[in-house]
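Order-wise, the sequence lines are chains A and B.
In this text, residue positions in the first sequence follow numbering that gives the first Met the number 0: the first is 0, and each later residue adds one.
In this text, residue positions in the second sequence follow numbering that gives the first Met the number 0: the first is 0, and each later residue adds one.
Watch out, some of these pointers could steer you wrong.
Computed footprint of chain B on chain A; a stretch qualifies when at least three of its residues, placed anywhere within it, have a C-beta under 8 Å from a C-beta of chain B [said to hold, decoys possible]:
hint	region
1	60 to 68
2	283 to 296
3	323 to 335
Derived by calculation from the structure, the hints in this document are not laboratory data.
Even glycine gets a Cβ: it sits at the ideal position worked out from N, Cα and C.
Take a look at the letters that make up each chain.
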Amino acid sequence: MAKVKHHREPLFHIVKRDDMVWWQAWLVRIATIVISVFLMGLLSKMLTEKSLLETFEIMYRGVFGRIETGSTVMLWKYLQEIAILLCLALALTPAFKMKFWNCGAEGQALIGGFASMICMIELGKTLSYPVLLAVIAVTSMLAGALWGLIPAVFKALFNTNETLFTLMMNYIATQIIAYYVYLKGGGSNIIQPVAEGNLPTIGGNRYLVNILVVALLTVFVYVYLKYSKHGYEISVVGESQNTARYIGINVKKVIIRTMAISGALCGVAGMLLVAGTDHSINTNTVGGQGFTAIMVSWLGQFNPFIMVFMTGLICFLRLGAGKVADTCMLNSAFADIVVGIVILCVVGCEFLIRYSIKFRHGKKEVKA
Amino acid sequence: MKKVFKVLALVLALSMVVAFAACTGNTTNETTTAADNEETTAGEVVEVKVGFIFLHDEQSTYDKNFMDAAKAACETMGVEYAQKTQIPESNACYDAAVELIEVDGCNVIFADSFGHEAFLMQAAEQYPDVEFCHATGTQAHTSELKNFHNAFASIYEGRYLAGVAAGMKLNEMIEAGSITAEEAKMGYVGAFTFAEVISGYTSFYLGAKSVCPTVTMDVKFTGSWYDEQLEKEAAQALINGGCVLISQHADSMGAPTACETAGVPNVSYNGSTIAACPNTFIVSSRINWAPYFEYMIECVQTGKAIDTDWTGTIETGSVVLTEVNEAAAAEGTAAKIEEVKAKLLDGSIKVFDTATFTKGGETLTSYPADVDTDDKFTPDTEAIADGYFHESEYRSAPYFDIQIDGITLLDTNFG
Chain A
0 MAKVKHHREP LFHIVKRDDM VWWQAWLVRI ATIVISVFLM GLLSKMLTEK SLLETFEIMY
60 RGVFGRIETG STVMLWKYLQ EIAILLCLAL ALTPAFKMKF WNCGAEGQAL IGGFASMICM
120 IELGKTLSYP VLLAVIAVTS MLAGALWGLI PAVFKALFNT NETLFTLMMN YIATQIIAYY
180 VYLKGGGSNI IQPVAEGNLP TIGGNRYLVN ILVVALLTVF VYVYLKYSKH GYEISVVGES
240 QNTARYIGIN VKKVIIRTMA ISGALCGVAG MLLVAGTDHS INTNTVGGQG FTAIMVSWLG
300 QFNPFIMVFM TGLICFLRLG AGKVADTCML NSAFADIVVG IVILCVVGCE FLIRYSIKFR
360 HGKKEVKA
Chain B
0 MKKVFKVLAL VLALSMVVAF AACTGNTTNE TTTAADNEET TAGEVVEVKV GFIFLHDEQS
60 TYDKNFMDAA KAACETMGVE YAQKTQIPES NACYDAAVEL IEVDGCNVIF ADSFGHEAFL
120 MQAAEQYPDV EFCHATGTQA HTSELKNFHN AFASIYEGRY LAGVAAGMKL NEMIEAGSIT
180 AEEAKMGYVG AFTFAEVISG YTSFYLGAKS VCPTVTMDVK FTGSWYDEQL EKEAAQALIN
240 GGCVLISQHA DSMGAPTACE TAGVPNVSYN GSTIAACPNT FIVSSRINWA PYFEYMIECV
300 QTGKAIDTDW TGTIETGSVV LTEVNEAAAA EGTAAKIEEV KAKLLDGSIK VFDTATFTKG
360 GETLTSYPAD VDTDDKFTPD TEAIADGYFH ESEYRSAPYF DIQIDGITLL DTNFG
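Isolated chain B, as found in the complex (with noise of 0.2 Å):
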């Protein structure tokens, strides 16, 4: 019996390596043939085949957004690509630019999570013929290589409109008389204590202030993008503190269910809750990743060179926002935001107008932001100019840090 099973084991094990043999004969030969009908084709239009770095997988709100972008615009634009998922910000990156391009053959790499970039700079400086780009990244404008670039959108125009429909909420609450105008308080729940949130949380306080003059802000930060507890716990403690509208600046659902068990209203961020949150979800505002992977992808095929720092825009349809909720929302709001959407776009409104704000009660007319990286972030570039803070103009990232007047910071968390 013994022997019977041991015979069995051996023929299996044949029978598989020699399957393994012929497997890896035929692809050899698939491949030699792939790669000469590129080198034919290669005429006026380039072939392109994109290579996707994600931090996370599509269990993470922020990789899902990047996720769902790329399949959408690689279908759009009828083009090709691979991916890889998982990839911490490591050495890890550079392999995986490293396998795109060597073995799926891909000729645009996108990353996108902050932290890559200086490993993919790395694969960028080996491979010049191949055009590398980088989300959320601050690099590429001090850089050498032309093949490297970063790209991020004017989100803050996106959580501007946000802030409007809440400051409308608040004007709701305050005419129904459940609150009094200096009761006007909001709740804000931020990841870290850096440009990009406090870029994202003032431009929130400044368009809800733009329609109930009177509102203040709290904020709290967790210290992660992504811990649903101490989220949900940060939401709760500002409720406790007497903040009657909550926002917050991280990936998980812990301040949007927070929200919906005290009954407090929530504007929320990186997609719609309303599912989870019919009561109180008002609207949320999001990036769209899929206008600038089209662009990357024409720039490629018809050779132009991809923009070093590009931001994309309400006009160019990367900075969205959901359906507003009617149950919810104050009346009249998805009207008012398409109001306040004309005049940003036509450039009646500045979001960072120095008019409408003060830092320690006067206002300002000159700021030295932190625009070029380096390891003791030197201020180097003045931002405000022509009666407003230049957000994302001299790069792509933000960089507005002004702790304004109006925002108290509950606490502080640097990572």
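In isolation and in its complexed conformation, chain A is listed as follows (with noise of 0.2 Å):
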């Protein structure tokens, strides 16, 4: 038998490396996000007549404007754009947690919205302001805490896939809010924004709630997760159901709980987005961020902390090669390109962090 093996010894093998120190895997993480940085500038450098520091310049203007004449708009803006997408991918986290394949951020968040649009429009004019906000923020983690146990419950019962259950259900929320749009917004297909019913801005600033909201809720998470009972469930039930089972954790209401929470979640974040900043609704109101999320919350480790970095990271990235790719009339996709590229380095670097790669000519392994 060994010899046989002897015999076939594959070109390489993975093999799972536990001697990196943590400053070390951190220190590869930033050298990878450095070389990814840099190989996003030479493809800009090929495919525009700008050097590569005008490139990094263009970049930094988009994300942070001019900052150093004391003009701070871009940078709430950036923080407005991590707020949300952190707070969908915290929404995903306890799912994830669960191995519970949660796919429906966007869907989810959809139906938060739209609970939000609903109170806005008919109950605008008749609540007074503190009430109107407290039914919006009821009513959309409700909406969205609905979206998701509908498949949980077919999970926990009759053990549907739960992938496809949650990615078909954003369509569901996708047509019902174009159905709505068509109802309110009269033959311009489009609903003005409402004055009823927006969160509130302190100083003048339109994003600080969203971005207060979700900073309280990143704690939220990672106390939920790390500290409490629940979040101790979840981690048994991800890790293994019949251990769970074995010593007496009910897995059916952990699977049903755990997704009203991360429902509700999205719904917040559905709320953020509809009484926090558009005032509005329209099918492309999430615009694709709930998938985003579904990466952000993986590279994050599920650690809220991390993600806060990741997301930074990648809004970083898309308002900045958002405006290389405006500034230099490259196509948009230019941005998305350049997201991808970083993304797989990052994902290569985790995997070399963790695993190591032995070719098949050092003589140890034949001896081992």
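With the hints in hand, could you dock these two chains into one complex?
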């Protein structure tokens, strides 16, 4: 047996490594990002007539604006972009940790925003402002939770495939919004921004409330997953449902409860988008961020604080590369390509941090 | 070996950080000097930098039409411009306007999509010193904002001329005996059942009717501005239903290619489709935005007020027709178009002349149109006077939404 194996040893094989210290791992990560940004610079160098430094300057401008002159509007916009994407990623994390593949953040957020929109239009003129805000918050979370609960109940009771189910729920949500916009938008197919039920602005800053809400959520999700009994149950169910059953955890209950929370947090994202940002809704309100959030949650290793860093990186690249595309009159797909390059590098780097590749020619392997 | 890699990574990282720092340091100096220069040169002629906000990018025929005009106009006027593409009809439009002003230093902002309007107005309120112009919008004339303006073009005149070309083609078919006068039925693929599209197909129909009195028309709606498959299917359905000539108001190549396949003549929109449809393309109308952009830039340069509602016409060069395709069009089409165009210019022909159409068998003498935007679409302005419907006069965006005799809507789609 051993001889046969020796004979057919592949060109290389992959070994899990455990010799890397945390700071070494982080150094590799930082180097990866720098290298990938460098690659991106080269790409834009090939496509445009700008020098590398000019390209980076444009990226910097696209994200931070003219911050040195005291103009902070772009910085706030950057933080707003981070807040929305992070909120969706945070929402997905409890479900992912339970190995429940919720691909429905898009639809859950859309339905949450839909609930906000209905409250703003139908109740905006009758309820007092604080009551209206409370109603908006509660209904948005309930609507998002409901959209998460439907696939969770089917999963718990009939073991349906949650990936497909949650994906399908996205399409249903989109079509509901399309029909609602048709009803409310009249001939123009557009719902004009509603003045009632907007989240408050603090000191004239239209994004600060969104950012604060998501900052609180970040801490909440971290504590919930790490220190609460629920969080413990989620990780046990995620590791092994049989173990969970053996130690007396009601797996069905945990699945349903966790998806309700996941959906409700998506509902919060929808509320921040509709009541906190657009004051209107259309089928593109979430704009595919519900899918980007899946990647963020994974890359953040389900740790809310690493996820803050990852959203910061992705939003930086998206805004910065978008600015390069607009300034150099490139196609807007440039931004997607850049984000793709960097994410690919990051995924590759994570792999190499956890595993090492051993090639055949090492004779030590044979002896062992 | 591993250590070497790590050191390499570290060095690389550090060098990049240094490069970043150096780069940002440099730019600070550059931008402050640029700003100083701007302030000192501010004299009689105001320096203009235009910021354009586009819904999609050059892959959409609708946006490409704006992008080409933006480039041409800014080159003609010798001014700089910046752009933001793929800006949805949401708060993102406000963000884009703020970025163009704060980061790129633009002092005129233009947005090209209907749904951008409300968000552009939010930015207009915040930056009273910057001029904001918006295509296809309806709210400038009722808003209090002095720096917010709407613009459109009397594209119904262009469609009327295209309709004349269609009518001549029908006449040719009748004379050749391939159809009888009663079989002269056209088909029209529309996006949505609202004023902009209704105004468009009605003017097209009236143009055809002016030369071919027996013409009728069927209309189908797709419910989308850009859906190649749906537009193709709608055109095919119309052809199957006995339509002998097709036109469309939607942005894809769906209808023109369906026509080319079926060998049915097509009157196009947004630009020539002759390359893909050499045997069936007759002529196309489109809006040229360059005259408006030049006007807008000149106003800011000289400190003149921009019109609250600006309507481009044939005269301003905003409404244009492509070359007539002699291979598909009836003989003498180009000359006839020139003749009718001259009459439109001197006012002897009005497109929506109430003597040329009826509704329910009766000639209209009064029609209240919904000109001022409100959420219940209340008709508020009398639009018929002096024997014709005054389209695009009380605001630039179309508001003709009368369903006249001779045109059959096979379906409706309000979006």
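Problem set entry | Hints violated by the structure (listed by number, smallest first) | none
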